[in-house]
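A.B. asks: The chain contents come next:
Number of protein chains: 2
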Amino acid sequence: MTLKEVSDLILQHNNFEILTHDYPDGDCIGSAFALALALKQIGKNARVIMTERLNKYNYIYDMLTESDFKAEYIISTDVADEKLLGSNKKFYSGKIELCIDHHKSNRIDAPYKYVDSEAAAAGEIIFKLIPLLGAKYNKDIADCLYTAISTDTGCFRYSNTTSETMRIAAELIDLGCSSAEINKSMFETKSRGRIELEREVLENMIFCAGGKCAIVYTTLKMTENLGDDETEGIASIPRQIEGVKIGITIREKENDYKVSVRTNDGVDACSFCKRFGGGGHIAASGCSLKGSLEEVIEKLKTAAEEVL
Amino acid sequence: MTLKEVSDLILQHNNFEILTHDYPDGDCIGSAFALALALKQIGKNARVIMTERLNKYNYIYDMLTESDFKAEYIISTDVADEKLLGSNKKFYSGKIELCIDHHKSNRIDAPYKYVDSEAAAAGEIIFKLIPLLGAKYNKDIADCLYTAISTDTGCFRYSNTTSETMRIAAELIDLGCSSAEINKSMFETKSRGRIELEREVLENMIFCAGGKCAIVYTTLKMTENLGDDETEGIASIPRQIEGVKIGITIREKENDYKVSVRTNDGVDACSFCKRFGGGGHIAASGCSLKGSLEEVIEKLKTAAEEVL
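Here the protein sequences come in this chain order: V and Y.
Its first residue numbered 1, the first sequence is counted upward by one per residue in the numbering used here.
Its first residue numbered 1, the second sequence is counted upward by one per residue in the numbering used here.
Hints are supplied without guarantee of correctness; some may be wrong.
[Said to hold, decoys possible] Below, a list of computed lysine-lysine pairs in the PhoX-like style, where the Cα atoms sit at most 25 Å apart:
| hint | chain 1 | residue 1 | chain 2 | residue 2 |
| --- | --- | --- | --- | --- |
| 1 | V | K104 | Y | K104 |
| 2 | Y | K184 | V | K245 |
| 3 | Y | K104 | V | K56 |
| 4 | V | K184 | Y | K104 |
| 5 | V | K190 | Y | K190 |
| 6 | V | K212 | Y | K190 |
| 7 | Y | K245 | V | K184 |
| 8 | V | K95 | V | K40 |
| 9 | V | K184 | Y | K212 |
| 10 | Y | K136 | V | K184 |
| 11 | Y | K184 | V | K212 |
| 12 | V | K56 | Y | K212 |
[Stated by the list, open to error] Output of the computed footprint for chain Y on chain V, the stretches with three or more beta carbons under 8 Å from beta carbons of chain Y:
| hint | stretch |
| --- | --- |
| 13 | 80-89 |
| 14 | 186-195 |
| 15 | 200-206 |
| 16 | 222-232 |
[As the list claims (entries may be wrong)] Chain Y side only, calculated, beta carbon under 10 Å to chain V, not exhaustive:
| hint | residue |
| --- | --- |
| 17 | L54 |
| 18 | N58 |
| 19 | G154 |
| 20 | M166 |
| 21 | E242 |
In short, the hints are calculated from the structure, not lab data.
Positions of the beta carbon are idealized from the N, C-alpha and C atoms, including for glycine.
Excised from the complex, chain V in its bound form (with noise of 0.2 Å):
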């Protein structure tokens, strides 16, 4: 379906109930808020559907005041599976009527599906249907949207951004977002829990194959005080460091070790995560495994000398 039968769809409904994934990103948050208050605005009754409420995100839940009413239509938005609704999932399941994403994976089964895979965020789809609902950019919205593309892009540096991502950040930006403070709370602020566990993963930080592979580790006891958002992206540590093709991060998790693997210069993720049972993508694959903390990270060792 094209983006004017998306917004001609919205238009013959009144009370919208906007889903949210679990662990929620400024991507789902910032698209889901953005539609919601452009609905309002043209007068319709709209909330957005969250599993939690992150402090981080506070300045976007205060734009919507909360209303009472019966929702009669219900869109998920940047949302690629069901399972991904989390707690939500039992309310919601097979309730989706209109269905709008980036993720090419989307498997959402709904009447109505918009999936645009080129768009680097959710939020770019959104600002284009926003005019075509007959509703206007505001500032809020501008910062809705800005904290969706800048969060899902890793501001602007990840290669999802495309020239049409920047002239939609430009007019943002035009539009009056808040994009420095916006930038500053997204990338530059970190909690003392956050800064302590990264001392610990670069204090255990292990070097094998030459060089060329950087194993590091979370453990429960070293992340049980700290929230999903402050762990988040510790994944992406081993492989920033010059010369490893194949960083490593082991989480462990109540019953098994949960391996993120990130790779360099080609080298397949995928098929050396399908060695334990796990697979992705060339670049970022993930796997499970059982044993003490020690044994996990001779397995992976010994693999990673084995493929460099």
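Starting from the structure of chain V, add chain Y where the hints point.
C.D. replies: Frame of chain V; chain Y shown alone:
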């Protein structure tokens, strides 16, 4: 003078040397090489003068082939003050004919100056100058200019990033620049020495004033085997911590300690540093202190506790 006048002036000459500043960054290197490439394209001779070659910019150095000619016209790019020419000052002092820069504080004394302090990077000025010279953009020039603009804006993160910055970056992406690879190498690659330094810095971090002030330090021993590009950016670490209003970085030098002060929420870094004979901007200032490391830390802690 207008950019058209800058272009007319340049077109009257044939053999150029383009000066960069000491401790070269992506903006001075990218701007100087983009200009040199454009000049060679229109049949002129040009070379770039640097105090040192950093490996991270090898992909840029390789774009320009050395040629033998006697320079008759000296242009500086991104150089705010003659003293920033470093070891080249003795050869080029008083010889700059045309100064192209974006620093409001520019103090170069040259017959012709074009300073646009609205530009986030000198690279933005060179981007606009190139078509006026009758040169055509190409991938090499786009890679130089993207490097210039992305490094001086912290990958479009800092408050100097304007909508024009984003639109220029969009055009560079459309020209085929290797934006993702450049960002990876500039922002996501760290040497093992740098990682070790970060670990030590985090390990020794001191909090005071009820967590509103964080102090980190580097000693000569900690940095003895590291290049300048491996130690840069440490000063941004303490201010990133949630709740920190004054972030202080102490760097041991041969004869004293150089102190960088970065603040949040309007705390005046400049007046803080003036207590110790230093100064700077409201959110970023510096000063020098003598004594033992313990004494220096104690003085700064006392001052922070008084201010907060």
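A.B. asks: Could you run down the list of hints and mark each one as holding or not?
C.D. replies: Status of each hint after checking the structure:
For the suggested pair K104 of chain V and K104 of chain Y, the alpha carbons sit about 46 Å apart, so the restraint of at most 25 Å is broken. For the hint linking K184 of chain Y to K245 of chain V, the alpha-carbon distance of about 14 Å falls within 25 Å, and the restraint holds. Distance check on the hinted pair: K104 of chain Y and K56 of chain V sit about 34 Å apart at the alpha-carbon level, beyond 25 Å; violated. The straight-line distance between the Cα atoms of K184 of chain V and K104 of chain Y is roughly 23 Å, inside the 25 Å bound, and the hint therefore holds.
Between the alpha carbons of K190 of chain V and K190 of chain Y the distance comes to roughly 19 Å, so the proposed pair stays at or under 25 Å and holds. Among the hinted pairs, K212 of chain V with K190 of chain Y is consistent with the structure: their alpha-carbon atoms are about 14 Å apart, no more than 25 Å. Restraint check: the Cα-Cα separation between K245 of chain Y and K184 of chain V comes to about 14 Å, which is no more than 25 Å; the hinted pair holds. Annotation: proposed proximity of K95 of chain V to K40 of chain V holds, straight-line Cα distance about 22 Å (limit 25 Å).
For the hint linking K184 of chain V to K212 of chain Y, the alpha-carbon distance of about 17 Å falls within 25 Å, and the restraint holds. Proposed proximity of K136 of chain Y and K184 of chain V is contradicted: the alpha carbons are some 36 Å apart, above 25 Å. Taking the CA atoms of K184 of chain Y and K212 of chain V, the gap is near 17 Å; set against the 25 Å cutoff, the hint holds. In summary, the hint linking K56 of chain V to K212 of chain Y is supported, as the alpha carbons are separated by about 19 Å, within the 25 Å threshold.
For the stretch 80-89 of chain V, the stated coverage by chain Y is not satisfied: 0 residues place a CB nearer than 8 Å to a CB of that chain, which falls below the threshold of 3. With 7 residues having a Cβ less than 8 Å from any Cβ of chain Y, the stretch 186-195 of chain V passes the three-residue criterion, so the hint holds. Against chain Y, the stretch 200-206 of chain V contributes 3 residues with a C-beta closer than 8 Å to a partner C-beta. That satisfies the three-residue criterion, and the hint holds. With 0 residues bearing a CB less than 8 Å from a CB of chain Y, the stretch 222-232 of chain V misses the requirement of three and the coverage assertion fails.
Interface hint at L54 of chain Y: violated, since its Cβ lies 13 Å from the closest Cβ of chain V, which is beyond the 10 Å cut-off. For the restraint placing N58 of chain Y at the interface with chain V, the shortest Cβ-Cβ distance is roughly 13 Å, beyond the 10 Å limit, so the hint is violated. For G154 of chain Y, the shortest C-beta to C-beta distance to chain V is roughly 8 Å, which falls under 10 Å, so the interface hint holds. Interface restraint check: M166 of chain Y against chain V, minimum CB-CB distance 4 Å, threshold 10 Å, status holds.
Interface restraint check: E242 of chain Y against chain V, minimum CB-CB distance 5 Å, threshold 10 Å, status holds.
Violated hints, in rising order: 1, 3, 10, 13, 16, 17 and 18; the structure is consistent with all others.
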